[in-house]
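Chains A and B, in that order, give the protein sequences. Numbering-wise, numbering that gives the first Met the number 0 puts 73 at position 74 of the first sequence, and it's gapless, one number per residue. Numbering-wise, numbering that gives the first Met the number 0 puts 295 at position 296 of the second sequence, and it's gapless, one number per residue.
Quick caveat, the hints were computed from the structure, so don't treat them as lab data. This one's a predicted model, so the numbers in the text were calculated from it and none came from an experiment. We put the CB at the ideal spot given by N, CA and C, even for glycine. Certain hints may be false.
As the list claims (entries may be wrong) - Sample of chain A residues at the chain B side, in silico, Cβ under 7 Å:
| hint | residue |
| --- | --- |
| 1 | Ile-28 |
| 2 | Ser-143 |
| 3 | Val-294 |
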Amino acid sequence: MTLVNKVLLKISTAFVSIIGSSILVFSIIYLLPGDPVLSMIDPSVATPEMVANLRKELGLNQPFYIQFSEYFMNVLQGDFGQSVVNSEPVLPKIVEHFPATLALTITSAVLSVVIGVTFGVLSAIYRNKWIDIIARIIGLFGISMPTFWSGILLILIFSVYLNWLPSIGSDGWKTLVLPSLSLGLVGAGFIIRMVRNSMLDVINEQFIVTLRAKGLSERVVMYRHALRNALIPAITIIGLNIGELLAGTVVIETVFSRQGIGRIVADAIMAKDLPVIQGVVFFSAIVYVVINLLVDLSYSFIDPRVRRAH
Amino acid sequence: MKEVVNTKTVLHVPKWKFTKQKTNFSVENLFILGAGMVVIFIILCALFPKWIAPYSPTFMDTSLILSPPNSAHWFGTDYFGRDVLSLVIYGSSDSLIIGIASVLIGGLIGGIIGSVSGYFGGIIDVVVMRLIEILMTIPGILLALAIAAALGPGLMNIVLAVAVSSIPGYARVMRGQLMSIKKRKYVEASRSIGTPEWRIFLWHLLPNSWSPLLVMATIGLGTSILIGSGLSFLGLGIIKEIPDWGALLSQGRGYLTVGWWISTFPGLAITLFVLSVNIIGDKLRDTFDPKTSRTR
């Protein structure tokens with residue numbers, strides 16, 4: 000299979016995934032036993048007439064396949080539906096708020112890769128030394144702390160007591176520091192553990208023994224040969240992590256009152272605005288699939304074994 | 000064959016020299032012991048809150064609103080004068096139910112889906128795995144969030160939401176296990192003496208493939224509690240007199256400048272529990288998976 004064909008195949012698979020996830024998101028909202036209409040309006044004040052009207056407005060009296068095909072055609076035309084609260088279209092709102100979320104996702108991803116790879120590698124090289132113990136503790140705490148708690152702790156320390164950084168808002172780089180730190184720590188936790196394990200696997204390989212036997216210095220063996228091989232499996236987890244970070248912004252944007260798409264979801268939950276939730280979840284799914292596609296493609300360029308297979 | 004085995008064993012020797020297992024063991028075991036004790040204590044809190052909590056979680060001492068941690072109220076009091084320690088102890092049951100029930104449901108459904116897919120293979124496997132991949136296009140917390148939002152607030156709804164979002168992981172692990180184990184020689188041998196298929200499935204395939212699922216479920220318990228408390232932090236949880244940890248933490252957010260303890264302690268409880276579960280999960284994985292135990 001040529002490289003072009005392979006790339007095309009991956010792109011088309013990603014496209015199928017996006018269609019699949021649109022069906023999934025649609026089904027969740029409209030097929031689950033909970034009545035979306037009743038969860039949108041307070042049942043104690045709702046008259047049967049109001050319920051019927053809203054049902055009609057949402058097209059819920061149509062059969063499922065008609066509802067879905069209508070929804071899907073609208074999505075293809077860039078119409079993600081509209082809020083039931085203020086009838087605003089969903090997509091422009093997402094597009095408007097996405098840069099703030101993207102900035103947070105990228106900074107926390109960079110942070111998690113830098114912390115994660117550094118500590119993961121040092122941890123494996125200096126196994127059972129104090130730096131390994133510190134790295135493993137950071138890793139364990141990273142994957143065990145809820146972001147909404149680490150975020151609150153950071154606010155308490157750096158905003159309330161030290162007064163160094165703002166606790167809320169989404170303007171300027173200063174507002175990015177605390178949220179990306181709290182989100183990046185989670186990613187770092189996963190990456191430290193992953194890199195440490197794959198580095199230890201590589202160190203135990205035969206070719207490392209050979210390199211040492213050849214008389215190469217430990218530094219060259221570790222950083223030029225072991226690290227390169229260890230990073231290949233780590234890249235997958237880094238890619239998956241970026242998607243998870245994107246999802247994690249829902250919580251962290253609420254903690255720091257940032258105006259991103261996660262915040263839109265959190266507000267929509269409070270207002271029981273299902274079309275908005277649906278729109279943002281679907282939008283995030285698209286971004287997630289695209290990120291994973293890019294990771295998948297970059298993977299095949301980085302790993303010589305995959306590259307040569309073309 | 001024999002020669003290959005021999006060279007392998009010879010080459011393993013230097014690896015064992017590097018691991019320093021003896022010195023490492025005591026410290027690690029201490030961690031695992033501590034983790035086990037934390038888990039048992041929190042489970043006891045969830046089962047018998049009345050015996051452990053110093054106050055009633057609904058008792059409001061209006062003379063002691065927002066008092067910082069002290070000898071009478073170890074975790075301080077909140078804006079209604081309720082004892083935060085008692086709230087955390089009473090809140091543990093809902094938080095644990097969400098975690099444990101969702102792991103059981105997600106693990107069971109995922110395990111069944113994965114074993115069916117792995118056992119039958121072919122077109123069934125292709126279809127099932129495509130569906131699982133679609134489920135995976137939406138990151139866990141967002142999927143749980145969409146489901147919880149559609150179902151409306153409620154303990155069981157949160158459990159279901161978290162359970163569904165965890166199905167893909169379990170299904171994939173179980174599928175991989177079954178696919179490798181169904182090709183083993185002893186399965187073939189059993190089939191050749193005329194053992195019925197259902198018996199092979201129940202007696203040979205399942206018992207030999209569940210251990211990675213168990214390890215995953217242990218680590219998944221931590222993830223489920225994180226997602227579950229995240230959902231209730233966002234306001235999707237149960238609206239009750241006694242909040243669970245996520246909701247309690249969220250309530251304290253408005254009082255950060257006047258009472259750091261209200262949010263800090265429920266979060267500490269979540270972290271401690273998840274941390275302990277992860278330590279135990281790591282240990283289980285090392286025990287069940289010889290590949291990682293060799294290198295760690």
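Legend entry - Numbers of unmet hints, in rising order: Failing hint: just 3.
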